[in-house]
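Trainee: Spelled out, the chains give:
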Amino acid sequence: MTATPAIEGWFTTGDQPALIGERCTTCATSYFPPTAAAAGFCRNPRCEGTEFEQVELSRRGTVWSYTDTRYQPPPPYSAPEPFAPFGLAAVELPEGIVVLGQVAAGYGPDDLRVGMHVELVVEPEHTGEALIWRWKPLAEGSAA
Amino acid sequence: MSVQPVIVAGVGMHPWGKWGRSFVQYGIHAAREALQDAGVPWTDVDLVVGGETVRNGYAGYVAGSTFAQALGWNGARIATSYAACATGAQALDTARARILAGMSEVAVVVGADTTPKGFLAPNAGERWDDPDWLRFRLLGMTNPAYFAMYARRRMDLYGATSEDFAQVKVKNAKHGLANPNARYRKEVSVDDVLGSAVVSDPLHLLDICATSDGAAAVVLVSEAYAAKAGLTDPVRIAGIATVTPTFPNTVLDMPMLATDASGGVDPERTFKESIGDAVYAEAGIEPGDVDVAEVYDLSTALELDWMEDLGLCKRGEAEALLRAGDTTIGGRIPVNPSGGLACFGEAVPAQALAQVCELTWQLRGRARGRQVEGARVGITANQGLFGHGSSVLLTR
Numbered sequence: 001m002t003a004t005p006a007i008e009g010w011f012t013t014g015d016q017p018a019l020i021g022e023r024c025t026t027c028a029t030s031y032f033p034p035t036a037a038a039a040g041f042c043r044n045p046r047c048e049g050t051e052f053e054q055v056e057l058s059r060r061g062t063v064w065s066y067t068d069t070r071y072q073p074p075p076p077y078s079a080p081e082p083f084a085p086f087g088l089a090a091v092e093l094p095e096g097i098v099v100l101g102q103v104a105a106g107y108g109p110d111d112l113r114v115g116m117h118v119e120l121v122v123e124p125e126h127t128g129e130a131l132i133w134r135w136k137p138l139a140e141g142s143a144a
Numbered sequence: 001m002s003v004q005p006v007i008v009a010g011v012g013m014h015p016w017g018k019w020g021r022s023f024v025q026y027g028i029h030a031a032r033e034a035l036q037d038a039g040v041p042w043t044d045v046d047l048v049v050g051g052e053t054v055r056n057g058y059a060g061y062v063a064g065s066t067f068a069q070a071l072g073w074n075g076a077r078i079a080t081s082y083a084a085c086a087t088g089a090q091a092l093d094t095a096r097a098r099i100l101a102g103m104s105e106v107a108v109v110v111g112a113d114t115t116p117k118g119f120l121a122p123n124a125g126e127r128w129d130d131p132d133w134l135r136f137r138l139l140g141m142t143n144p145a146y147f148a149m150y151a152r153r154r155m156d157l158y159g160a161t162s163e164d165f166a167q168v169k170v171k172n173a174k175h176g177l178a179n180p181n182a183r184y185r186k187e188v189s190v191d192d193v194l195g196s197a198v199v200s201d202p203l204h205l206l207d208i209c210a211t212s213d214g215a216a217a218v219v220l221v222s223e224a225y226a227a228k229a230g231l232t233d234p235v236r237i238a239g240i241a242t243v244t245p246t247f248p249n250t251v252l253d254m255p256m257l258a259t260d261a262s263g264g265v266d267p268e269r270t271f272k273e274s275i276g277d278a279v280y281a282e283a284g285i286e287p288g289d290v291d292v293a294e295v296y297d298l299s300t301a302l303e304l305d306w307m308e309d310l311g312l313c314k315r316g317e318a319e320a321l322l323r324a325g326d327t328t329i330g331g332r333i334p335v336n337p338s339g340g341l342a343c344f345g346e347a348v349p350a351q352a353l354a355q356v357c358e359l360t361w362q363l364r365g366r367a368r369g370r371q372v373e374g375a376r377v378g379i380t381a382n383q384g385l386f387g388h389g390s391s392v393l394l395t396r
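Taken in order, these protein sequences are the chains called A and B.
Each step along the first sequence adds one to the number in the UniProt record's numbering, with nothing skipped, and position 64 is 64.
Each step along the second sequence adds one to the number in the UniProt record's numbering, with nothing skipped, and position 350 is 350.
By construction, these hints were calculated from the structure, which means they are not laboratory data.
Incorrect hints may appear among the rest.
What the hints assert, rightly or not - Part of the chain A face toward chain B, derived, beta carbon under 7 Å:
{"#": "1", "residue": "P5"}
{"#": "2", "residue": "A6"}
{"#": "3", "residue": "S30"}
{"#": "4", "residue": "N44"}
{"#": "5", "residue": "T69"}
{"#": "6", "residue": "R70"}
{"#": "7", "residue": "Y77"}
{"#": "8", "residue": "P80"}
{"#": "9", "residue": "L88"}
{"#": "10", "residue": "G96"}
{"#": "11", "residue": "V98"}
{"#": "12", "residue": "Q102"}
{"#": "13", "residue": "P109"}
{"#": "14", "residue": "L138"}
Glycine included, every Cβ here is placed at the ideal spot set by N, Cα and C.
Produce the entire structure from the sequences given, and follow the hints as far as they go.
Mentor: So this is what it looks like as structure tokens:
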């Protein structure tokens with residue numbers, strides 16, 4: 001069985017996974033999550049655009065901030081038994097969008113700093129088979 | 001744009017806690033206390049604005065009507081506001097607008113809630129187009145995790161420490177000791193905070209506010225009614241900001257999974273800075289004129305953010321003020337003399353009104369055991385989900 005994304009159309013899987021954004025063909029503003037096309041117009045109030053193209057967002061970015069979750073979040077988060085804490089990071093992409101994500105398995109706040117470089121990976125959710133995007137720290141000195 | 005003031009004739013609260021009663025009982029307790037404080041008969045009230053509670057069924061969705069009926073139908077007009085943490089300020093703004101339009105003379109604004117223990121959770125069901133549901137479903141991203149990210153930025157960018165955050169709690173716990181409406185009235189030490197469990201690194205349990213039951217009410221009247229009623233030297237509302245973000249909103253905001261794209265240039269000011277700017281502009285008052293502030297310490301670190309967002313100090317300097325004792329009662333610019341959310345816990349639709357109650361008492365010189373001496377100008381600030389935020393400026 002091939003694992004499927006936890007949410008349809010938000011990210012690609014495979015060796016070089018990427019978040020899927022939408023770019024306004026009029027003002028070139030990128031959006032994530034990709035919900036602008038369905039709404040039918042560009043949210044930039046100075047733009048009249050109504051057409052979007054799907055784009056893969058940059059796979060690397062810099063940490064805007066980070067934390068972890070030591071207490072089990074309420075549903076609809078699906079927690080493993082027993083619950084295991086996990087890291088969370090907000091990452092600024094070169095497109096200027098800050099995107100939240102869990103931190104890759106095996107990494108936590110001690111491995112992160114504001115401004116450090118991270119890369120998008122795709123891993124199974126904490127329960128079940130479905131895949132979710134995560135942020136993985138890059139070795140010091142790696143370029144964004 | 002300078003806006004005419006309206007008069008705060010009376011304020012009242014139901015103490016915060018876990019009392020096991022209905023939000024209606026809390027609300028009318030606060031409303032009757034506020035009316036009594038104002039010396040205004042209920043039959044004079046021509047407008048009731050309720051802060052909606054989303055946790056108490058239909059009666060909570062139509063809170064304005066619920067309170068009006070519970071106080072005894074008197075034919076008053078009603079309105080109900082919901083704006084997450086800014087609910088009370090938006091309700092107040094609605095009342096102010098009708099008064100300034102000459103459509104109301106006496107308004108009662110009431111917010112009350114009962115709140116379950118633990119993390120605030122999204123609505124049930126499969127809600128794939130609701131960001132508040134998605135952040136839990138996809139990421140397990142709780143409110144404290146957002147607070148922790150803001151706190152961590154202070155540490156990595158400005159050198160804040162866990163001890164600094166703990167000192168905010170120590171200060172607010174001390175401030176709230178004599179406040180009869182506060183839920184927690186106990187001194188807390190830095191060691192207590194640092195010894196409590198980490199919820200989301202770097203925030204400990206005692207860095208994060210609890211959820212509470214509580215109610216607050218404000219009686220607003222027109223200048224004309226105040227003169228007729230012989231109210232002398234009253235507290236005035238000089239400004240209320242309920243502005244929304246401007247595009248692009250580049251600071252990560254609850255409950256969103258991402259920001260707008262900056263387009264390579266950061267906006268002139270952040271959303272939270274724009275809340276303060278808007279209220280100062282309405283009131284024609286400068287940050288340097290402020291004597292006392294009640295800000296939304298959902299976490300200890302957020303109090304420090306707010307001091308900067310409101311222009312009470314420069315970006316990155318809040319810890320220095322805290323360490324110098326400037327934000328303690330008796331200091332240069334006391335912050336959260338009520339004890340803040342640290343001593344109250346959050347009762348969402350009541351909280352912004354509770355801030356106004358506290359500043360009214362402060363500006364009247366009647367905040368017993370926690371008085372900021374000579375306070376004449378006070379500011380509140382809060383922010384909630386989905387681009388809601390508010391600030392109220394009071395003067396005397």
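Trainee: All hints, please: hold or fail.
Mentor: Hints, verified against the model:
no., hint, result
1, P5, "violated (10 Å)"
2, A6, "holds (6 Å)"
3, S30, "holds (5 Å)"
4, N44, "holds (6 Å)"
5, T69, "holds (6 Å)"
6, R70, "holds (5 Å)"
7, Y77, "holds (4 Å)"
8, P80, "violated (11 Å)"
9, L88, "holds (6 Å)"
10, G96, "holds (3 Å)"
11, V98, "holds (4 Å)"
12, Q102, "holds (6 Å)"
13, P109, "holds (4 Å)"
14, L138, "violated (17 Å)"
Of the numbered hints given earlier, the model fails hints 1, 8, 14; all others are met.
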